[in-house]
Amino acid sequence: MQLEQSLVQWVGNLYAAGLSWWTSLGIPEWVWVALMAVLKGVAVLTFLLLNVLFLIWLERKVAGRIQRRPGPMHHGPQGIFQTLFDALKLVIKEDIIPSQADKWVFITAPLVMIAPALMIWVVMPFGPDLIARDLNVGLLYVSAVSSFSILALIMAGWSSNNKWSTLGAMRSAAQMISYEIPLGLALVAVGMLAGTLSLKGIVEAQQERTWFLLLQPLGFLVFIVAATAEINRAPFNLPEAESELVAGFNTEYSGFRWGVFFVAEYANLLFMAGMAATLFLGGWSGPAFLPPFLWWLLKTYLFVFLIMWVGWTLPRIRVDQLMELGWKFLIPVGLANIALTGVFVILT
Amino acid sequence: MVINYLEVGIFALVAVAFVAITLAIGSLLRPKNPYANKLAPYECGEIPVGDGQVRFHIRYYIFALVFLVFDVEIIFLYPWAVVLEQLGLFGLVEMLIFLGLLVVGLVYAWRKKVLRWV
Amino acid sequence: MSLDLISFIVLGIITLVSGYLVVASANLMHAALFLGLSFVGVAGIYLVLGAEFLAAAQILIYVGAITTLIVFGIMVSNLQDLKAGGRGVWARVVRNLASFRRGLVPLVAAAGFAILMLVIYRQSLWPAEAPPASGSNLATVGRLLFTEYVVPFEIASVILLAAVLGAVALSRRDDQPPAGSTGQAAPAAERKEGR
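Residue numbers (our numbering), protein chains in the order written: chain W, 1 to 348; chain C, 349 to 466; chain F, 467 to 661.
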């Protein structure tokens with residue numbers, strides 16, 4: 001607890017000292033901010049990659065236990081190094097660009113996928129002062145940046161010039177646009193309660209009142225279902241339905257380019273779980289025996305486990321059920337939730 | 349003003365640089381042995397039939413159109429959410445009228461069976 | 467050079483070049499993707515001007531929804547005849563720039579327009595400095611939109627309703643097709659499109 005606070009403070013002081021030394025050299029302030037942003041970006045990326053390695057291992061373990069088998073067991077205790085070796089293997093795999101593919105779009109698509117997956121973490125509050133940049137349009141920023149991945153999917157699927165890829169991409173896109181609306185409605189309801197869209201402000205509002213999970217049960221339901229669909233997780237993993245579409249939009253990708261999609265997928269899983277923790281369970285706030293960052297991590301992994309548990313328990317739903325659930329259940333409930341929350345905000 | 353958003357652009361560049369650097373390192377280590385069959389589109393081992401960029405059903409377009417309308421609606425909700433407490437009851441009624449009209453549209457589309465996928 | 471100026475130049479170049487490529491690309495899908503990129507550039511310029519809300523709306527609506535809509539539109543239409551000469555955008559760009567009718571004339575027109583704008587810009591009275599960003603751009607927009615401009619806001623919802631009705635009318639499937647009009651071709655066409 002004390003350690004993390006003092007560490008953050010020490011880094012903050014170092015930052016301020018560096019800034020004043022920098023400006024005394026006559027170089028504009030923004031160069032310093034940009035350099036520090038590179039450091040922040042590398043730090044967040046490293047954190048994400050470590051978590052992705054762990055998440056893939058965790059997913060295989062959870063899936064294994066649910067299906068009464070042990071999951072990966074070789075390479076380290078309980079097979080913990082399995083995904084590390086898998087990742088290294090991906091890097092040294094042959095890089096195949098199909099002859100029929102639209103080469104430049106094919107190469108750009110993984111970049112368009114991974115860039116928003118990292119950009120979106122700018123606003124995630126890991127702790128009271130542990131945040132890359134607290135934008136006051138936070139929630140709006142989250143939904144804006146996450147809309148890039150629709151285009152990335154279409155680019156990947158279309159440029160592959162493969163029937164499976166194109167079908168998978170179009171299905172993904174249709175699914176993502178349908179669930180982006182309920183997701184947005186749930187985010188707005190949280191913003192209404194907090195009176196701000198800044199994620200830091202939302203965590204502070206929950207410290208003043210109580211966890212928004214208790215004030216927003218409907219909103220939470222809409223959020224978690226829509227978020228699961230938005231990141232294409234089971235039971236909403238129709239775009240990657242391996243039994244009918246081979247692998248969906250990334251059928252033609254191989255080696256590290258395929259790995260990029262995989263990393264982005266798990267980074268988005270972690271982000272959605274982190275958002276659920278931040279918006280509904282008070283984020284980094286918690287009793288003082290654990291440092292704030294660990295509280296955030298604990299709550300996030302709670303939701304990660306929840307999403308995996310649901311995914312490996314329920315069967316995949318049909319495409320028409322998917323659309324009906326989105327348009328005929330989640331959107332009306334989301335709208336009703338906004339009206340109710342509005343009345344609640346006016347009354348209190 | 350832009351200084352607040354430097355992180356956003358730089359995070360994107362960091363992500364792109366990560367992919368580029370890893371691919372560059374990989375290119376020193378990985379084999380490169382392309383031939384026509386390997387580079388052909390995957391179609392379960394069969395010789396591909398026709399083009400991969402197939403034509404889709406019109407309902408994709410309809411859903412995208414309805415999505416656009418609701419997306420515009422949501423964009424109005426964000427600034428409203430921030431100032432609702434200051435606006436009070438007046439603000440709530442305004443938004444309920446706004447949402448009510450859209451719900452009419454949603455119900456109409458529902459009744460006309462547009463929201464049905466099959 | 468200040469950060470604002472550098473960002474403006476970079477974003478302006480992105481917007482203009484991708485805007486040119488929208489019209490220069492022979493492949494419709496490339497044109498749509500470049501259109502998305504130019505929307506991103508415009509959103510960046512909004513940020514330089516301090517309009518955070520507008521920038522987010524630009525990304526959410528134009529990049530997220532309109533570009534997707536256009537891409538879907540391309541995917542549901544018959545592309546076969548439009549994909550000819552789809553590759554080699556740059557060769558085409560160079561060829562276009564070299565030709566008189568497609569290179570020089572638009573260039574002269576664009577330059578003339580730029581000079582005109584510059585003259586207007588020089589002669590008008592502009593506020594010496596942009597209004598200071600009051601911290602919460604969003605709240606300002608909200609307060610204005612829901613008090614002073616409440617009537618246009620409500621009218622917007624009527625327009626959106628009309629758009630939904632239009633979409634419904636576009637897609638209305640005839641549950642009972644008029645007898646004898648469809649004939650033999652219908653099942654085959656349906657099978658082909660039923661993806």
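Do not rely on the hints blindly, as some may be mistaken.
Derived BS3-like pairs (lysine-lysine); straight-line CA-CA distance at most 27 Å [claimed, not checked]:
no.	chain 1	residue 1	chain 2	residue 2
1	W	93	C	386
2	W	328	C	460
3	C	380	W	93
Keep in mind that the hints were calculated from the coordinates and are not lab data. Predicted, not measured: the structure shown is a model, and the values here were computed from it.
The hints, checked one at a time:
no.: 1; hint: 93(W) to 386(C); in the structure: holds, 14 Å
no.: 2; hint: 328(W) to 460(C); in the structure: holds, 13 Å
no.: 3; hint: 380(C) to 93(W); in the structure: holds, 9 Å
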